[in-house]
Amino acid sequence: MEIFNHDSNIHFLGMRKYTIAIAIFLMIASIGLIAVKGLNYGLDFTGGVSMTVDYDQSVEISDVRAALDKGGIHNAMVQSLGGTREVSIRMQTKDVSAAADAAGKVNLERVATNVAKVLQAARPDAKLKNPEFISAEVGAELRSDGTVAAVFVILGIMAYLWIRFERRFAIAAVFTEVHDTLVTLGILALVQREFDMTVLASVLAVIGYSINDKVVVFDRIRELFRLARKAEPEEILNRSINNTLSRTIITSLFTGITMGALYFYGGTAVHGFAVTMLIGIVVGTLSSIFVASPILLWLGVSKKDLMPVTRDNPELARRP
Amino acid sequence: MSDFPRWKYALVALVMLFGVIYALPNAFPPVPAVQVTANRDAPPIDQAVQQKVSAALTARNIAVTRVFVEGDHLLATFANSDVQKSGADTIKAALGDGYTVAFKLQSNVPGWLGAIGARAMPLGLDLQGGVHFLMQVDQKDAIEKQENSYADDIRALLRNKNIRYESVTRNAAAGQGIAVILRSADDRSTASDAIANEYTDLLVSSGASTGDRFVLNVAIKPEKLRELSRSAITQNLGTLRNRINALGVSEPLIQQQGDSRIVVELAGVQDPTEAKKLIGAVATLQYRPGIGQPGDPRAVEAARTGNIPPDANLYYMRGDNRPVLVSKQIIVTGNQLVDASSGIDQQSGTPKVDVTLNAAGAKKMGDFTNANVGKPMAVLYVEQVYETKVVDGKPVRVSKVTETVINDATIQSPFSRQFQTTGLGSPKEASDLALLLKGGALAAPMDIVAEGVIGASLGQDNIDKGFKAVMLGLALVLLAAAIYYKLFGLVADIALFFNLVILVAVMSLIGVTLTMPGVAGIVLTLGMAIDANVLICERVREELRNGSSPHAAIRAGYEKAWSTILDANVTHLIAALALTTMGSGAIKGFGVTLMIGILTSLFTSVTLTHAFTAAIHGHRKLKTLSV
Numbered sequence: 001m002e003i004f005n006h007d008s009n010i011h012f013l014g015m016r017k018y019t020i021a022i023a024i025f026l027m028i029a030s031i032g033l034i035a036v037k038g039l040n041y042g043l044d045f046t047g048g049v050s051m052t053v054d055y056d057q058s059v060e061i062s063d064v065r066a067a068l069d070k071g072g073i074h075n076a077m078v079q080s081l082g083g084t085r086e087v088s089i090r091m092q093t094k095d096v097s098a099a100a101d102a103a104g105k106v107n108l109e110r111v112a113t114n115v116a117k118v119l120q121a122a123r124p125d126a127k128l129k130n131p132e133f134i135s136a137e138v139g140a141e142l143r144s145d146g147t148v149a150a151v152f153v154i155l156g157i158m159a160y161l162w163i164r165f166e167r168r169f170a171i172a173a174v175f176t177e178v179h180d181t182l183v184t185l186g187i188l189a190l191v192q193r194e195f196d197m198t199v200l201a202s203v204l205a206v207i208g209y210s211i212n213d214k215v216v217v218f219d220r221i222r223e224l225f226r227l228a229r230k231a232e233p234e235e236i237l238n239r240s241i242n243n244t245l246s247r248t249i250i251t252s253l254f255t256g257i258t259m260g261a262l263y264f265y266g267g268t269a270v271h272g273f274a275v276t277m278l279i280g281i282v283v284g285t286l287s288s289i290f291v292a293s294p295i296l297l298w299l300g301v302s303k304k305d306l307m308p309v310t311r312d313n314p315e316l317a318r319r320p
Numbered sequence: 001m002s003d004f005p006r007w008k009y010a011l012v013a014l015v016m017l018f019g020v021i022y023a024l025p026n027a028f029p030p031v032p033a034v035q036v037t038a039n040r041d042a043p044p045i046d047q048a049v050q051q052k053v054s055a056a057l058t059a060r061n062i063a064v065t066r067v068f069v070e071g072d073h074l075l076a077t078f079a080n081s082d083v084q085k086s087g088a089d090t091i092k093a094a095l096g097d098g099y100t101v102a103f104k105l106q107s108n109v110p111g112w113l114g115a116i117g118a119r120a121m122p123l124g125l126d127l128q129g130g131v132h133f134l135m136q137v138d139q140k141d142a143i144e145k146q147e148n149s150y151a152d153d154i155r156a157l158l159r160n161k162n163i164r165y166e167s168v169t170r171n172a173a174a175g176q177g178i179a180v181i182l183r184s185a186d187d188r189s190t191a192s193d194a195i196a197n198e199y200t201d202l203l204v205s206s207g208a209s210t211g212d213r214f215v216l217n218v219a220i221k222p223e224k225l226r227e228l229s230r231s232a233i234t235q236n237l238g239t240l241r242n243r244i245n246a247l248g249v250s251e252p253l254i255q256q257q258g259d260s261r262i263v264v265e266l267a268g269v270q271d272p273t274e275a276k277k278l279i280g281a282v283a284t285l286q287y288r289p290g291i292g293q294p295g296d297p298r299a300v301e302a303a304r305t306g307n308i309p310p311d312a313n314l315y316y317m318r319g320d321n322r323p324v325l326v327s328k329q330i331i332v333t334g335n336q337l338v339d340a341s342s343g344i345d346q347q348s349g350t351p352k353v354d355v356t357l358n359a360a361g362a363k364k365m366g367d368f369t370n371a372n373v374g375k376p377m378a379v380l381y382v383e384q385v386y387e388t389k390v391v392d393g394k395p396v397r398v399s400k401v402t403e404t405v406i407n408d409a410t411i412q413s414p415f416s417r418q419f420q421t422t423g424l425g426s427p428k429e430a431s432d433l434a435l436l437l438k439g440g441a442l443a444a445p446m447d448i449v450a451e452g453v454i455g456a457s458l459g460q461d462n463i464d465k466g467f468k469a470v471m472l473g474l475a476l477v478l479l480a481a482a483i484y485y486k487l488f489g490l491v492a493d494i495a496l497f498f499n500l501v502i503l504v505a506v507m508s509l510i511g512v513t514l515t516m517p518g519v520a521g522i523v524l525t526l527g528m529a530i531d532a533n534v535l536i537c538e539r540v541r542e543e544l545r546n547g548s549s550p551h552a553a554i555r556a557g558y559e560k561a562w563s564t565i566l567d568a569n570v571t572h573l574i575a576a577l578a579l580t581t582m583g584s585g586a587i588k589g590f591g592v593t594l595m596i597g598i599l600t601s602l603f604t605s606v607t608l609t610h611a612f613t614a615a616i617h618g619h620r621k622l623k624t625l626s627v
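First to last, the protein sequences are chains A and B. Residues in the first sequence are numbered consecutively from 1, following full-length UniProt numbering. Residues in the second sequence are numbered consecutively from 1, following full-length UniProt numbering.
It is possible that part of the hints are untrue.
Cross-link-like lysine to any residue pairs, in silico, SDA-like; alpha carbons within 25 Å at most [what the hints assert, rightly or not]:
hint	chain 1	residue 1	chain 2	residue 2
1	A	Lys129	B	Val31
2	B	Lys465	A	Lys303
3	A	Lys303	B	Ser189
4	B	Lys468	A	Arg85
5	B	Lys465	A	Gln79
6	B	Lys486	A	Asn5
7	B	Lys486	A	Ile257
8	A	Lys127	B	Ile406
9	B	Lys560	A	Ile289
10	A	Lys230	B	Ser563
11	B	Lys85	A	Glu109
12	B	Lys560	A	Lys129
13	B	Lys560	A	Glu109
14	B	Lys560	A	Pro233
15	B	Lys140	A	Asp145
Note that these hints are calculated values from the structure, not bench results. In this text, all values refer to a predicted model and were calculated from it rather than measured experimentally.
Build the full structure now, drawing on both the sequences and the hints.
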């Protein structure tokens, strides 16, 4: 079975002005979104107290908020956990300190008991579970760790491609990586999905996934350059994208299927992970086709850069 | 296909067998159990205890699956965690104080699997429920203490060598060293030599001198500072283990995280209060020379007027709040204490506490007690609590130290390594003191920076959901590959299935704790592992289109795809590696899973499929390939 015409010869490079323009626009828009709307950081990053509340019958988020306000707990974030009977409540450390114990320490049990009392006053069927407390410093550290890890990944990949391929490939890959990461984060900021630890893991995994895609195309470019007698870069790049198109899309589909399964059956704990991964797969696949190669072309990749290095042997040269 | 060597077939068969065997233990889920161990004074576990437990459970109508004795402990297994909890309560009530009753997940793995080292993956808290704490170790405190102790040592050394000095003071910030001020340049050089010779861990340098003040800067060497920080963590880990064992949780997870944090996970515990009391008691101990008895006139006078002698501190006794004066000199600290246990003194018949010190502590204690028989010695208990105050609208954590004297006794005769404190009020007081002494042996104070409770039902729910997601993801990809690539797709399916099996086997063997992010990593690995096969199949198709013969197409397909597969996987591996460097346990687990998955998929999707393809197509004459 084949879905894609193996003789396809879509002129992807012909659209490069538009595709790069769109890519740059998306990047700027993403930076703007992250700057203006910001990421909806979860408890893992902000620090504070969170808990899940189960109701026997369905409940309105606004009712939960009203009950909390009435009980003197303000500024709490109440969110539905999918369905109408389960909500998550989040409070920042500074709001919690009001409910802290005599010594001023954040006392998780005390906060939890307090919240439970307040909620049960309004709705006796409220059941509290999974209270959690994270200090703000741990969250801040996670953020910097995540940034360091992302930079490490991008630089590591750049170094590898530089050695295995060539400088231009490394630069093109890193540019597209940054693009993919930024756009994925931008979409997360746009839809205000909670950004927690699993989402951070997912974003880092997206970097790994999307480089996979690019390397496959790059590999084909290298191969075709080496094989071709008359190597017109634009023609070679275009053929490489077309040749690998079927693989690019099939792999994305397969990975997408598994992430879909994770989203629908894996429960709320991995929702964020699966969604982020799905966004990343789409962005990564598109940028492999439309963004990576045009950059390579602009950087001026050519046949002679990619021929296997055959060192002139000085011994041989000296012989008559 | 003759170019696929025999030994590779053997290797593939071996790896498949290995995968199946070592993944197998995960098919036997552990059962909730209660473990009973006898404390030191209680009669050992035997048939009588077993009958007592069985009878108690039957009397309360609690369905127990098995009650049996295993080694020095008794185990009772239950159908689910609810019954387990009421079972534990019943057993506790029936046996009384002499026994420790703990929750346990009893492995169900057949003995022969265990014998070859095969075991199930340990489950993370999010999969089995429990409480977790993350603690920050205050390493600065350990360094401060060490500097204080060096300052004392230097004073003693200078006195011994008859070198006159003006002062020996520790600089305010921890790790900044000690300033020794001497009277002359000659004294300074002799002191410098003496200190450098005696204490090789110290760096000695001359500072600026003004008039008759000759300054010598003494700093702890950086490598020693690092070692101090490291050992502070190690010691706290050990102390926590002791404290948590007292809590009766079987198989607690107590691990270092990053440079200065300790993570504690107690599976099966649903009420964090008791655990926190023990863990959160951030306390340290100091043995110091006492000045007079508690409540003697001098101390009362000092407490009233606030005029405290310069070489002393004023504290209050724990319990009765009598004022007591204690010297500033520290003889031995809690981290030099090896053991403390309570008992009854044979001679006087009063409760006592036996204390054992380590070698360094013993030497100091010996030196001190030799010179101070008949004088009092106090045990100071330093407890640190953190307060969150709001300063300028921002929460700021302030540490507050409370210091109480828990014991002040007269030195009867010189002692060093082992000694006892007698004349305590009651056996309870003695056992409390022993607990405090032992539990107080933290090298540096700790502070809980994160904690959480995960319900047991949520854990089971996560397991079910995770399992469903893995199975569904696998099934869908298997189906899609078989439809799209026909026979080659089926071969890839076998590879993908074995990739899952081998991945689970390797994770089990290494002992990677399975968490929900880890499950997500497994699912992601399944989706990406098929990529190598997609590459190979596409290549084979291409070769066929270009007019290659089927055998040549297979060979060329594998050969040409290999370089791409390698590059793609190495770059992916770099990304996974970065994930494992993250401090957080959850992300680390995900990264480790991803890494192992990439490596196993390299084997299964290339070598394993090649073996199957070669075996199927073999030396047969082929007209077409089903790809």
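Tell me the hint numbers this structure goes against, listed in increasing order. 2, 3, 8, 12, 13
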